[in-house]
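S.K.: This is what each chain is made of:
Protein chains: 2
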Amino acid sequence: MQALRSSQGSLLGRPRPCTSRLVSHQVARRSSIVCSAAAPMKKVEAEQDVPGMSKFLDTLKYDKNGLVAVIVQHIDTGEVMMQAYADRAAISETLQTGLATFYSRSRNGRWCKGETSGHFINVHRLFADCDRDSLIYLSDPIGPACHTGARTCWFSEASLDAGHHVHTEGEHTHSDHVPMTTLLALERTIQQRRDALAQPTEGKPSWTARLLSNPELLCKKVREEAGELCQTLEAGEGGERAASEMADLLYHSMVLLNLQGVKMEEVMRVLRKRFGTSGVEEKAARPPKQSS
Amino acid sequence: MQALRSSQGSLLGRPRPCTSRLVSHQVARRSSIVCSAAAPMKKVEAEQDVPGMSKFLDTLKYDKNGLVAVIVQHIDTGEVMMQAYADRAAISETLQTGLATFYSRSRNGRWCKGETSGHFINVHRLFADCDRDSLIYLSDPIGPACHTGARTCWFSEASLDAGHHVHTEGEHTHSDHVPMTTLLALERTIQQRRDALAQPTEGKPSWTARLLSNPELLCKKVREEAGELCQTLEAGEGGERAASEMADLLYHSMVLLNLQGVKMEEVMRVLRKRFGTSGVEEKAARPPKQSS
Numbered sequence: 001m002q003a004l005r006s007s008q009g010s011l012l013g014r015p016r017p018c019t020s021r022l023v024s025h026q027v028a029r030r031s032s033i034v035c036s037a038a039a040p041m042k043k044v045e046a047e048q049d050v051p052g053m054s055k056f057l058d059t060l061k062y063d064k065n066g067l068v069a070v071i072v073q074h075i076d077t078g079e080v081m082m083q084a085y086a087d088r089a090a091i092s093e094t095l096q097t098g099l100a101t102f103y104s105r106s107r108n109g110r111w112c113k114g115e116t117s118g119h120f121i122n123v124h125r126l127f128a129d130c131d132r133d134s135l136i137y138l139s140d141p142i143g144p145a146c147h148t149g150a151r152t153c154w155f156s157e158a159s160l161d162a163g164h165h166v167h168t169e170g171e172h173t174h175s176d177h178v179p180m181t182t183l184l185a186l187e188r189t190i191q192q193r194r195d196a197l198a199q200p201t202e203g204k205p206s207w208t209a210r211l212l213s214n215p216e217l218l219c220k221k222v223r224e225e226a227g228e229l230c231q232t233l234e235a236g237e238g239g240e241r242a243a244s245e246m247a248d249l250l251y252h253s254m255v256l257l258n259l260q261g262v263k264m265e266e267v268m269r270v271l272r273k274r275f276g277t278s279g280v281e282e283k284a285a286r287p288p289k290q291s292s
Numbered sequence: 001m002q003a004l005r006s007s008q009g010s011l012l013g014r015p016r017p018c019t020s021r022l023v024s025h026q027v028a029r030r031s032s033i034v035c036s037a038a039a040p041m042k043k044v045e046a047e048q049d050v051p052g053m054s055k056f057l058d059t060l061k062y063d064k065n066g067l068v069a070v071i072v073q074h075i076d077t078g079e080v081m082m083q084a085y086a087d088r089a090a091i092s093e094t095l096q097t098g099l100a101t102f103y104s105r106s107r108n109g110r111w112c113k114g115e116t117s118g119h120f121i122n123v124h125r126l127f128a129d130c131d132r133d134s135l136i137y138l139s140d141p142i143g144p145a146c147h148t149g150a151r152t153c154w155f156s157e158a159s160l161d162a163g164h165h166v167h168t169e170g171e172h173t174h175s176d177h178v179p180m181t182t183l184l185a186l187e188r189t190i191q192q193r194r195d196a197l198a199q200p201t202e203g204k205p206s207w208t209a210r211l212l213s214n215p216e217l218l219c220k221k222v223r224e225e226a227g228e229l230c231q232t233l234e235a236g237e238g239g240e241r242a243a244s245e246m247a248d249l250l251y252h253s254m255v256l257l258n259l260q261g262v263k264m265e266e267v268m269r270v271l272r273k274r275f276g277t278s279g280v281e282e283k284a285a286r287p288p289k290q291s292s
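So the protein sequences, as listed, match chains A and B. Heads up, the first sequence is in full-length UniProt numbering, so the first residue is 1 and it goes up one at a time. Heads up, the second sequence is in full-length UniProt numbering, so the first residue is 1 and it goes up one at a time.
Please note that the accuracy of each hint is not assured.
Said to hold, decoys possible - Here are the simulated DMTMM-like pairs of lysine to aspartate or glutamate, each with C-alpha atoms no more than 20 Å apart in a straight line:
1) Lys61/A - Asp131/A
2) Lys220/B - Glu237/A
3) Lys64/B - Asp87/B
4) Lys61/A - Glu47/A
5) Lys220/B - Glu224/A
6) Lys43/B - Asp161/A
7) Lys263/B - Glu47/A
What the hints assert, rightly or not - Partner residues aside, some chain B positions facing chain A, computed with beta carbon under 8 Å:
8) Gln48
9) Pro51
10) Leu67
11) Asn108
12) Trp111
13) Gly143
14) Trp154
15) His164
16) Leu197
17) Ser213
18) Asn214
19) Leu217
20) Asn258
These are calculated hints, taken from the structure and not from any lab test. No residue lacks a Cβ here, since even glycine has one placed at the ideal position from N, Cα and C.
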């Protein structure tokens, strides 16, 4: 059941000759080479040659063009990266190769994302919805998912202001108007405070700015907040208080990570690799280090 | 620009009579009442009566049935909750009411999610993709999003095993075969260890099981890991080490939260409410509490 979860995110294999029945597993970023001798390949079998494949594909409800909708979601950050359509053959190919493959309605043909840009999408898990007409490819993309070069395809936002007027913002690919979950939005807010440090400011600096400018204060706060989180358990202060203290600890820790140029995505990748191989437990069970 | 972000998640307003031009903002869970006197209402204007609305709706690329795809994503957890389609009127209604509204292809009509089940979806932000034919409603759903009663519509997984055989799993709505980001998957793993504590075990218990069984050890580890994270900054140990220590701190903290029955979703909600109103900074800037 683990086959779609490519080990440690790398898709290694023996190079094979390039034919239409083979798919290149290009792991290098920004390469436009699809079928180079250096690119490892995986053979794609016909649907009927893979036991269970037809049975699964038969359960899906294709539209009159033979397509289902596909959502590509980032396994670590939860970002929705792109949305496209797939036919039976594209789904079969995705399952076999672990590379996100679609049916292009504009080009009328099967399309392995990345085959021209090098920005392949490693699919770790594949899900079907209740109506069997929409799939999720839970993925670890190589480079930007959008053909414009943007990280995700959604970078334009519409909103209604207090004056009951609709605004559309973020027409550019490097827009901040992308769907961000709470964690990613907090990370961006911290980065905005960091960027603002370079600007002359008036009035009292924000708390985040103070933390960013004072590593000693920041470390003191991180240790304090960890203590307060522990105290919620030790003193039985209740779940609401625990959630609040965890929020404090997470926020202060993320300020500390920002100072070191580390993104939560990297932290999530570490966790995925650890607990994907029971590594969290392995690592955590090692004898304690000498700590202050 | 804040209008779509309903303040603190509540959709309060003055009750109005129930007509086809009004939408009920039902916030109570599991109620099937749509237009009760107690349910606050918001007026929905015609598209042309909302400045900027037609201009935005004109930028979208509708299919020959006049529809675009819509993905509903959970603002706190990043979960993809459901996927449906919307016409111009449904998008206009969503922008104005802040409630996820679609066009039902099976019923050939506009459909405000929750109008029969009570499981409305509060839409905080609305995004369009690069091709202008797919939207994301970044949302805070009330109750399950799926018509089956499942939390999300994706609860069935297809995977290829080492023997090159496709398996389909999770036919039931309470399946564990749902797309989970790394953070949610870790949370589930911890819960599985917790559940297993009630079972007789053979051999050495897992590290997570040991932590769950020994709050004193757990709190000691949380404090230690916070110290080690700080040390990466204090001693300039580098970003890779910082990511690794943050992973440790996050994992141990999540075990501590599990013991108190607290989910990361709740922590994210606290953070969203705080930093959505600059509350993170307000809270954090208060004079320090007496801590141990």
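S.K.: Are there hints from earlier that the structure breaks, and if so, what are their numbers?
M.R.: 7, 8, 10, 11, 12, 13, 16, 17, 18, 19, 20
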